[in-house]
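Turn these sequences into a full structure, and let the hints steer you where they fit.
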Amino acid sequence: KAGVTQTPRYLIKTRGQQVTLSCSPISGHRSVSWYQQTPGQGLQFLFEYFSETQRNKGNFPGRFSGRQFSNSRSEMNVSTLELGDSALYLCASSTGDGLAGGETQYFGPGTRLLVL
Amino acid sequence: QKEVEQNSGPLSVPEGAIASLNCTYSDRVSQSFFWYRQYSGKSPELIMSIYSNGDKEDGRFTAQLNKASQYVSLLIRDSQPSDSATYLCASFDRGSTLGRLYFGRGTQLTVWP
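Residue numbers (the working numbering), protein chains in the order written: chain A, 1072 to 1187; chain B, 326 to 438.
Note that these hints are calculated values from the structure, not bench results. Where hints are given, some of them may not hold.
[Claimed, not checked] Cut-off 30 Å, straight-line C-alpha distance, at most; resulting in silico cross-link-like pairs (DSBU-like, lysine-lysine):
1) A:K1084 / B:K367
2) B:K327 / A:K1072
3) A:K1072 / B:K392
4) B:K392 / B:K381
5) A:K1128 / A:K1072
6) B:K367 / A:K1072
7) B:K392 / B:K327
8) B:K381 / B:K367
9) B:K367 / B:K327
10) B:K381 / B:K327
11) B:K327 / A:K1128
12) A:K1084 / A:K1128
13) B:K392 / A:K1084
In structure tokens:
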């Protein structure tokens, strides 16, 4: 079974721009979560989508948003980029009831975003 | 603010030794715990999960959980250079927010031949 895939793998943007990242979960997984990883803050939870609905959200500003499609693929959008948004953005999918069920998170390779 | 604390390291051990990685958490209602391994430039991969007090063994890896002390550890026996990576501890809390994982910042482990 194919793993979680993320596109693009690398992005360079400038301040003020917006960016959209894509994630395709493992087949059959309905839960998709997004995380931001930086050297200073570590791995931080952004949000979880389950059956096209945002079910849970971390402590990030409204510039960070996402959505999930009927095929469980998910996109994450960051508007008005800031230098501090430079990070590795990881997507994770899980089976069953996702985070609500404490299911294991399977991570994708990540998208490395650099904001100049 | 729920927190998961890990020694950032680096932790350096010789090949064949036991590597001991430690993690403490602040929230007593945390229900389960996960250890992820992350190689440089790669994404985290699950090594072990543990839900009950005591030890759980899987091959060379043993996870230990003590909920009274809010402490979880990972022991790696017969450490190999291929074990060199950053190890992330995560706690799961269902709480009122439908569940989420809280990650520590990771401990960097180097196993030298």
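Results for each hint:
1. A:K1084 / B:K367: holds (22 Å)
2. B:K327 / A:K1072: Distance of about 35 Å is beyond 30 Å: violated.
3. A:K1072 / B:K392: violated (36 Å)
4. B:K392 / B:K381: holds (14 Å)
5. A:K1128 / A:K1072: This hinted pair holds, its Cα atoms lying about 29 Å apart.
6. B:K367 / A:K1072: Cα-Cα ~19 Å, so holds.
7. B:K392 / B:K327: holds (15 Å)
8. B:K381 / B:K367: holds (26 Å)
9. B:K367 / B:K327: Holds - the C-alpha atoms of K327 (chain B) and K367 (chain B) are around 26 Å apart, at most 30 Å.
10. B:K381 / B:K327: Answer holds: K381 (chain B) to K327 (chain B) is near 24 Å, not above 30 Å.
11. B:K327 / A:K1128: holds (15 Å)
12. A:K1084 / A:K1128: holds (25 Å)
13. B:K392 / A:K1084: violated (44 Å)
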